[in-house]
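**Student:** Just need the whole structure built from these sequences, with the hints factored in.
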Amino acid sequence: IRNTFGNYPEGSVHIICVHSEPQKGEGYLIIKARGHYFVGTDNGIFNLILNADPEEIISIDPAGAIDELEIFARAAAGLLTGKEPSHLGTPIRKISESLPLRATIDSDVIMGRIIFIDSYGNAISNITREIFYRVFESREFRIYIQSNKNYTEHISKSYSDAPVGDLLARFNSIDLLEISINGANVSELLSIEVGSAVRVDSTSKAVPANRLF
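Under the numbering used here, the residues of the sequence shown are numbered 1364 to 1576, in order.
Errors might be hidden in some of the hints.
What the hints assert, rightly or not - SDA-like mimics (lysine to any residue), calculated; alpha carbons at most 25 Å apart, straight line:
#1 Lys1457 <-> Arg1397
#2 Lys1446 <-> Ile1468
#3 Lys1395 <-> Ile1364
#4 Lys1520 <-> Thr1467
#5 Lys1512 <-> Leu1530
#6 Lys1395 <-> Ile1412
#7 Lys1446 <-> Ala1426
#8 Lys1457 <-> Gly1484
#9 Lys1457 <-> Ile1364
#10 Lys1457 <-> Leu1413
#11 Lys1446 <-> Ser1482
#12 Lys1457 <-> Gly1374
#13 Lys1457 <-> Glu1447
#14 Lys1395 <-> Ala1439
#15 Lys1457 <-> Asp1471
#16 Lys1520 <-> Ser1482
What the hints assert, rightly or not - Have a look at the derived ranges for each label pair, beta carbon to beta carbon:
#17 Ser1521 <-> Gly1427: 38 to 48 Å
#18 Ile1429 <-> Asn1366: 26 to 36 Å
#19 Pro1526 <-> Glu1551: 40 to 50 Å
#20 Lys1512 <-> Glu1433: 39 to 49 Å
These aren't lab readings, by the way, just hints derived from the structure by calculation. Here a beta-carbon is modelled for each residue, glycine too, at the ideal position from N, C-alpha and C.
**Tutor:** Written out as structure tokens, the structure reads:
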């Protein structure tokens, strides 16, 4: 969405269903930013897709809805029929900043975190394509997840690039580094959760003893 919403006309409504089931303390929002409307869960995802402060933030009342998809559809329908966002909920001042915005670089080592896990168990990190290739454009690398035992030394273009059962890394549609296993749920198999560590290091360094980060 971050890379494509600008291709749509102002006034467009974008429904964000990534990691949309709310955790404790998370609500549902309508965000107006750069002339567009975004509807989704207040789980930090808005910070990843917006390059400007929101013009308006509305907390949606979920009363009577069966699930989050009904909440999103109801809000989007209201916007598309011309209702003001403030008529669809309660104005608030801030959105969640619970997800870390940027990975860090220290001595040519990239340190990142898993920021959400999709419905297939794929683990999405906060390491962007730009940061990754800034450090490892012409260098060999090793991507570690959770421990020094779990790593890959390749960037795949698709899930099928790796043999079934193999760990793989790829950049998803919003250019964030995603950790997966072809044909399996990597988050369940490796006990990955939001906040788990991802490290990208040079292959010239010896692999230390296996340990959790």
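**Student:** Run every hint past the structure and note whether it holds.
**Tutor:** A quick look at each hint next to the structure:
1. Using a Cα cut-off of 25 Å, the hinted pair Lys1457 and Arg1397 holds, with the two alpha carbons roughly 17 Å apart.
2. Between Lys1446 and Ile1468, the direct Cα distance comes to roughly 45 Å. Violation of the 25 Å bound is thereby established for this hinted pair.
3. The straight-line distance between the Cα atoms of Lys1395 and Ile1364 is roughly 14 Å, inside the 25 Å bound, and the hint therefore holds.
4. With a CA separation close to 24 Å, the supplied pair Lys1520 and Thr1467 stays within the 25 Å bound.
5. Between Lys1512 and Leu1530, the direct Cα distance comes to roughly 11 Å. Compliance with the 25 Å bound is thereby established for this hinted pair.
6. For the hint pairing Lys1395 with Ile1412, the CA-to-CA distance comes to about 12 Å; that is within 25 Å, so the pair holds.
7. For the given pair, Lys1446 sits about 18 Å from Ala1426 by alpha-carbon distance, which is consistent with the 25 Å threshold.
8. Distance check on the hinted pair: Lys1457 and Gly1484 sit about 29 Å apart at the alpha-carbon level, beyond 25 Å; violated.
9. Annotation: proposed proximity of Lys1457 to Ile1364 holds, straight-line Cα distance about 21 Å (limit 25 Å).
10. Distance check on the hinted pair: Lys1457 and Leu1413 sit about 13 Å apart at the alpha-carbon level, within 25 Å; holds.
11. At most 25 Å may separate the alpha-carbon atoms for a hinted pair to count; Lys1446 and Ser1482 exceed this at roughly 32 Å.
12. With a C-alpha separation of about 21 Å, the suggested pair Lys1457 and Gly1374 falls inside the 25 Å cut-off, and the hint holds.
13. Only pairs whose Cα atoms come within 25 Å are accepted, and Lys1457 paired with Glu1447 is accepted, the gap being roughly 19 Å.
14. With a C-alpha separation of about 12 Å, the suggested pairing of Lys1395 with Ala1439 holds against the 25 Å cut-off.
15. Restraint check: the Cα-Cα separation between Lys1457 and Asp1471 comes to about 34 Å, which exceeds 25 Å; the hinted pair is violated.
16. Between Lys1520 and Ser1482 the CA atoms are separated by roughly 20 Å; this keeps the pair inside 25 Å, and the hint holds.
17. Ser1521 and Gly1427 have their C-beta atoms about 41 Å apart, which keeps the hinted 38 to 48 Å range intact.
18. Separated by about 32 Å at the C-beta atoms, Ile1429 and Asn1366 satisfy the suggested range of 26 to 36 Å.
19. The given range of 40 to 50 Å is broken by Pro1526 and Glu1551, whose C-beta atoms sit roughly 19 Å from each other.
20. The hinted range of 39 to 49 Å is satisfied by Lys1512 and Glu1433, whose Cβ atoms lie roughly 43 Å apart.
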